[in-house]
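Colleague: With the hints as extra help, turn the sequences into a complete structure.
Letter by letter, the chains look like this.
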Amino acid sequence: MDFNSIITQTLTQAIGVSAVIYCLAAVGLNVHFGYTGLLNFGQAAFLAVAAYGLAVSVSRMGLSLWVGILIGILAAVLLALLLGVPTLRLRADYLAIVTIAAAEIIRLIVRSVTFREYFGGSDGITRFADEFYALNPFSGPLDLGIIKFSQNDLWVVTVGWVLIAFTSFVVWSLMRSPWGRVLKGIREDEDAVRSLGKNVYAYKMQALILGGVIGALGGFMAAIAFQSVQPDTYSTEFTFFVYTMLILGGAARIFGPILGAAIFWALLVFVGEFLNEAVNKGVITFLSNTQVGQIRFMLVGIGLMALMIFRPQGILGDRKELALDAR
Amino acid sequence: VHRRAAGLLVALLGACALVLGLAAAPASATTTGPVIFGTITTPEDEPVPGVVIDVTGPDGFTGTSTTDAEGAWEVQVPASGSYTISLDESTLPEGLGLAAGSERTVTAFGGKVRVQFPTGDSVLVESSKVGQVIQLTVDGLLLGLILALGAVGLSLIYGTTGLTNFAHGELVTLGALTTYFYATVLSFPLILAAAAGLASCAVLGALQDRLLWKQLRRRGTGLIAMLVVSIGLGIFLRYLFLFLFQGSTQQFPEFSGQAGIEVGPVSITPKAIIGALLAIAAILATIYWLLRTRMGKASRAVADNPALASASGIDVERVINVVWILGATLAALAGVLTGLTSGVSWNMGQQILLLIFAAVTLGGLGTAFGALFGALIVGLLIQLSTLVIPPELKSVGALVILIVILLVRPQGLLGRRERIG
Chain A
120 MDFNSIITQT LTQAIGVSAV IYCLAAVGLN VHFGYTGLLN FGQAAFLAVA
170 AYGLAVSVSR MGLSLWVGIL IGILAAVLLA LLLGVPTLRL RADYLAIVTI
220 AAAEIIRLIV RSVTFREYFG GSDGITRFAD EFYALNPFSG PLDLGIIKFS
270 QNDLWVVTVG WVLIAFTSFV VWSLMRSPWG RVLKGIREDE DAVRSLGKNV
320 YAYKMQALIL GGVIGALGGF MAAIAFQSVQ PDTYSTEFTF FVYTMLILGG
370 AARIFGPILG AAIFWALLVF VGEFLNEAVN KGVITFLSNT QVGQIRFMLV
420 GIGLMALMIF RPQGILGDRK ELALDAR
Chain B
152 VHRRAAGLLV ALLGACALVL GLAAAPASAT TTGPVIFGTI TTPEDEPVPG
202 VVIDVTGPDG FTGTSTTDAE GAWEVQVPAS GSYTISLDES TLPEGLGLAA
252 GSERTVTAFG GKVRVQFPTG DSVLVESSKV GQVIQLTVDG LLLGLILALG
302 AVGLSLIYGT TGLTNFAHGE LVTLGALTTY FYATVLSFPL ILAAAAGLAS
352 CAVLGALQDR LLWKQLRRRG TGLIAMLVVS IGLGIFLRYL FLFLFQGSTQ
402 QFPEFSGQAG IEVGPVSITP KAIIGALLAI AAILATIYWL LRTRMGKASR
452 AVADNPALAS ASGIDVERVI NVVWILGATL AALAGVLTGL TSGVSWNMGQ
502 QILLLIFAAV TLGGLGTAFG ALFGALIVGL LIQLSTLVIP PELKSVGALV
552 ILIVILLVRP QGLLGRRERI G
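Protein sequence lines, in the order shown, are assigned to chains A and B. Quick note on our numbering: the first sequence kicks off at 120 and runs consecutively. Quick note on our numbering: the second sequence kicks off at 152 and runs consecutively.
Keep in mind the hints are simulated off the structure, nothing from the lab. For glycine and all other residues, C-beta sits at the position ideal for the given N, C-alpha and C. Be careful, since some hints might not be right.
Said to hold, decoys possible - To give a feel for the contact side, a few chain A residues facing chain B, derived at Cβ under 7 Å:
1. P205
2. L209
3. I266
4. I421
5. P431
6. I434
7. L435
Modeller: In structure tokens form, the structure reads like this:
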């Protein structure tokens, strides 16, 4: 058993590319679910439209990467409006069903053979982010012994964590503003806020757009980091993972999604690496490597259930603040 | 409202049965699943052997056929979809050319699709639009009935407990998997295996309620929290099924390659007819249960107002448990029927869960009759939409309708206004 490699992998992945992507998605979802109480189960769709917006603009329309990012953000705003108009007036579970349906619609469309010439079918689109790597200030890989990044990953991870810090700061300042207090009020008791003369619908829509755009940044990081967009990355499972992370870290807390994403991803990598190593070295003989992946997912499912039942406020949360069922 | 809706539905189901019955009347045997076939002849009607035909389709499907002594070729394709058929012109005998190009694109829905490559100056023949509409209507009703089984259970559970159960799709899968287990590992005949599968699911449904949801209700866990718990349970069960069953799609040992019955443009297998009749029987039994039996009436009372029902002497927990048993059994039947037509796989329930939700939302959350009605509409809509949009996007059409319905009539077609609050 090579514990050294397992530990290195785990620690690197805890702050690595995937953790950054999930983290941005979770920071956005925190605005929806944590602060406003919107049950958005289509967070994957926001990442998908951003990533595809970027990839299509660059590789199909020949635009610059930066124009592509602008188009991706516009796409995310548009998606928020499309989702919000029919559902934000309805009860929470309707929003859940519609957002899940919308995410599937987008995934099915971009992976279809019909639109292959635009979205590349199930293979997706590759190689469109050279402009981003051309700006890489790092001249070599990073090797701290326990944490290792290649030259390109180091650049992606640095930009990613700057984005996480920036968006978290924005969310923090917004949530202590009067605007943020209205959002929390909507989460606790929509009717009370409405009776104060606030336009609840407009506030919810603004929150949906803000969280969606933060999620979109995660989509850009995903597209750029792997230089590819693939439809099945953005399945409903992705959104469920983000929920687990957010609840694990603590919803309605600034550091909740960050801590949650890092711990969740590290645990997932650790379990996977550990079991795989054990299978490869013959320590565990009753499992195959494919089954290790399945066990990881089973643990995610159990973890989400247990968290929600026994500790819905997560690691950092405050149970009194987060009355999950005031809606 | 309920009684009138029930009358409407009984009439609707009767119409379904009639359409299916008519379709089944005269018989001529062909193989199941879409078959693309044709015959290559010279303009003088002499057969042309040894011509190579390639078929490509969705999910990377490729198939090849070479014409036999009668000039006939045939390619069995795995599923409905859009296929491209090309004829290798270099394999035609010298001096013979094609009158209308060497490539055809056809949309195969089931049964047989004839593709012609006229030589000389013959013309291309396509299946008629009317025939397609009739075939798709039959397919849509079959799908609608399967969705209805899932939707009614989901809606009953929602109505009595308020739980939006995102793990309902796994009940569908469970029905198919237990039946598959009894049919293969224990070698039961399929009918017996299905009965045993349904019984197992009824027990597991009751257990799931007792061990998980009842405890959560007792703890006072909120509805949103329970929704997230059901998502966690869904993920866990799905990957448990994958772990136990592996990733491939399996067929039940019996009836998998059953001969179809063809009436004019419509092709339907006997197993689909029997399945549809079973589904109709199960739905009628559920309607009878809801309207006529004490327990059914009690379940509607609980759905209306649990506190009042409890105060008037109804054992609310027992009613909920019975509703869970019913919901799990109906979902399991949906699983068995889906398994019969398109095979058993670990995520088959997840694949139709959103359509079930669409059906339930269309009819109105929490109204069992609405769910039934919604399911038939969604089923028809999905199949008929392939007339205008590519088959691979047919679910997209249904989901878009779901969103539009919420925009114009959020309480659903049969829902009551106050339920959406």
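Colleague: The structure should be examined with respect to each hint, and the outcome stated for every one.
Modeller: Hints, verified against the model:
1. P205: holds, 4 Å
2. L209: holds, 5 Å
3. I266: Given a least distance of 30 Å, the restraint on I266(A) is violated.
4. I421: holds, 5 Å
5. P431: holds, 6 Å
6. I434: I434(A) check fails; min Cβ-Cβ to chain B is 17 Å, beyond 7 Å.
7. L435: violated, 18 Å
When the structure is compared with the earlier hints, violations turn up for hints 3, 6, 7 and for no others.
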